[in-house]
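There are 2 protein chains.
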Amino acid sequence: MITTCDLLKNAKKISLNAPLSTEDKNGALKAMASSLIENCEEILAANDLDVIKADGTVSEVMIDRLKLNKDRIEAMAKGILEVANLPDPVGKVLSATEHNNGLVIQKTSIPFGVVAIIYESRPNVTSDAAALAFKSGNVCVLRGGKEAYNSAYAIVKALKKGLNKCNINEDYINLVEDTTRNSANELMTAKGFVDLLIPRGGKGLISACTQNATVPCIETGTGICHIYVDKDADVDMALKIIDNAKTSRPSVCNAAEVCLVHKNIADKFLPKLYKNFYESKRVELRGDANVLKYIDVTEATDADFDTEFLDYIMAVKVVDSVEDAVEHISKHSTHHSESIITNCEKTADYFTSRVDSAAVYVNASTRFTDGGEFGLGCEMGISTQKLHARGPMGLSELNTYKYIIKGNGQTR
Amino acid sequence: MITTCDLLKNAKKISLNAPLSTEDKNGALKAMASSLIENCEEILAANDLDVIKADGTVSEVMIDRLKLNKDRIEAMAKGILEVANLPDPVGKVLSATEHNNGLVIQKTSIPFGVVAIIYESRPNVTSDAAALAFKSGNVCVLRGGKEAYNSAYAIVKALKKGLNKCNINEDYINLVEDTTRNSANELMTAKGFVDLLIPRGGKGLISACTQNATVPCIETGTGICHIYVDKDADVDMALKIIDNAKTSRPSVCNAAEVCLVHKNIADKFLPKLYKNFYESKRVELRGDANVLKYIDVTEATDADFDTEFLDYIMAVKVVDSVEDAVEHISKHSTHHSESIITNCEKTADYFTSRVDSAAVYVNASTRFTDGGEFGLGCEMGISTQKLHARGPMGLSELNTYKYIIKGNGQTR
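Chains as they are written, first to last, in this note's numbering: chain A, 1 to 412; chain B, 1001 to 1412.
Hints are supplied without guarantee of correctness; some may be wrong.
Pairs of lysine-lysine, BS3-like flavour, derived with a Cα cap of 27 Å [unchecked claim]:
(1) B:K1275 x B:K1240
(2) A:K406 x B:K1263
(3) B:K1203 x A:K9
(4) B:K1013 x B:K1161
(5) A:K231 x B:K1013
(6) A:K406 x B:K1240
(7) B:K1107 x A:K107
(8) A:K13 x A:K107
(9) A:K240 x A:K275
(10) B:K1012 x A:K346
(11) B:K1012 x A:K331
(12) A:K331 x B:K1009
(13) B:K1263 x A:K13
(14) A:K331 x A:K203
Heads up, incomplete: computed chain B residues facing chain A, CB under 10 Å, no partners named [claimed, not checked]:
(15) K1092
(16) V1093
(17) T1097
(18) F1112
(19) G1113
(20) K1191
(21) N1244
(22) A1245
(23) F1309
(24) L1310
(25) S1330
(26) V1355
(27) P1392
No lab work stands behind these hints: they were computed from the structure. Note that beta-carbon positions come from the ideal geometry of N, C-alpha and C, so glycine has one too.
Same shape as in the complex, but just chain A:
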């Protein structure tokens, strides 16, 4: 048993080595993917222990999140191979300046060093996060939920075997053994040892990290995403987009939770929304008083406009203008993704220039906020804050930079 403190000291030490070459990293990623497949039985046996322990104590949905099978392990391995095929973000010259005294100043991308990830029960996060952190040149410290500890341990063991096979220090990938709150707190406050902390999970975990972390931390995740149907919207397009944004995968953070409707289009739009969602019992609508004038749906409480339902539920509100919509969003959004449906370019520009969210859409579904869809190839999470990275975080966002300056005796 290694303490979190010793684990961090060792991780920091490794991170101070020169970055691994692209070739070495890609070779190791391929070995890690193979090792997951080779150790499939062992991982499934470990996962069984977690599932048996959880059975009866948590919801079916949670059990499903936790449970692995051969297909899921193969998908994890495939994910690692995809990361191997992505371009290496490390060592890029981001900008170069030649000083008039001859100094050459190169802003060069480098790994953060030690990246810690605190997450919850989905076992695939273990391999995803490890692969992304490793490819971006970082030493990763994984701290998963106790419900999935056996699974995470078996997965990390397999990944380490892959590293060993390539003669790369297996401690590039680390799993924290202590799954109590103590270890989470240690990671949040390990100044000088954790160069970047990324919490991945529910609201409680993320706010604990942003409140308590004294190490650099990126807030991810929760998405109270809005779709605003402007007076100049194409009603059929609006319906199609809202349907997609709400129902294609309601449990993810880029799903829409709130629909704002301009008062001038409410009579045309709301009955159709009602028919598509409420009458057909596909989605529960919760409307404010003005919505209830048009359609007979559940009455919304104030809290409904501040809730990430992650379910077949949508809050609906009538607004007076695009200004009113933007103001509502500024008060209730989690700065993840918002969309306007309009044919008026001026109104669209008003919306995109004022809505302060990671992704602001015109006439498209919020469901596109995703590393793969944005061309990043992968994703470590979606940042909902503004420092360093905003929106989907790919490999480049797991790098920082330093200035390397070469001279021949220059003084100032």
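Once you've looked at the hints, dock chain B against the given chain A.
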């Protein structure tokens, strides 16, 4: 009197407007510069109050930092005009992707929103920080030290007059009236109101901010900068660079504090360093036991290797190898600027790839770590952390980004 809380609410509201045009911002900056000159007498009178109050209670150096005169106010005005001439960082398309379904995804630079700056007694920081925050499209909230409050108030009053003259909301620039710790704590924890907090000042202030801030915060400043004289160094070049790095302006953060010397060159190098610095009484050298074998200087304590002297004092240590030098730096550096003096490219590469600092030099003085010297045109401070910005922060570093995505009905 406006409370900090009300001031922040108002600042946030203004920050949600569409960004000002480049033309409007530059016009306003010119008006602010003129207004500083026009209100010179009033500013000097206010400054006198601060100086009289401080006189006898603080050092001469502190009084000199605090004191304004006509030349210094003109320099402040000139600084604002220089900011007006810099390119506007806002609204740049940082990258663009067209999804194969036709969605156009543009990563676009935008201001953070509300930028709060907590600083100490130098009055020129008030106008510098205000100009940089304003040009980068942010609403700024300045919270200076109580010793310079009258000066800061008069300067902000003049800047606001400039904004008014251009019909721009004067509350783009704000001064916190409360100079007790309460207001600093309020800024550090104003989640949802402060989008970026930048502390500028001594170690105590900066560590208070990084320890207590729950809003995004950038650590700036303290520099325990190292110069490593390798066995393959040109001794004369090393002496020239160290002289410049130590003595050209010892009170700034990019000045060198520690000299590490390879054991194989110690006998050639140290007596010359002694002659240039110690014998001539220009710089006090504090050497470790191995240094004392070569030259008769003050004996260094352990603490000397962790001290930002900001004075004519330098700690000196003999190391066994470049590996040893890098290890010492990794333990004692503040990650600001370090330099290696060597003619061996391989050793230089070892050093630049492993030293984890914002600026890593080969054969040049650490004194170049500066926004102007790096081609940024200006500087809000020097970040010594890795999240978002590293090294000198110019206008671009005071921007974040959002994704603006335009479609015609796309769903996923």
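Inset, instruction - Output the numbers, in ascending order, of every earlier hint that fails for this structure. - result: 15, 16, 23 and 24
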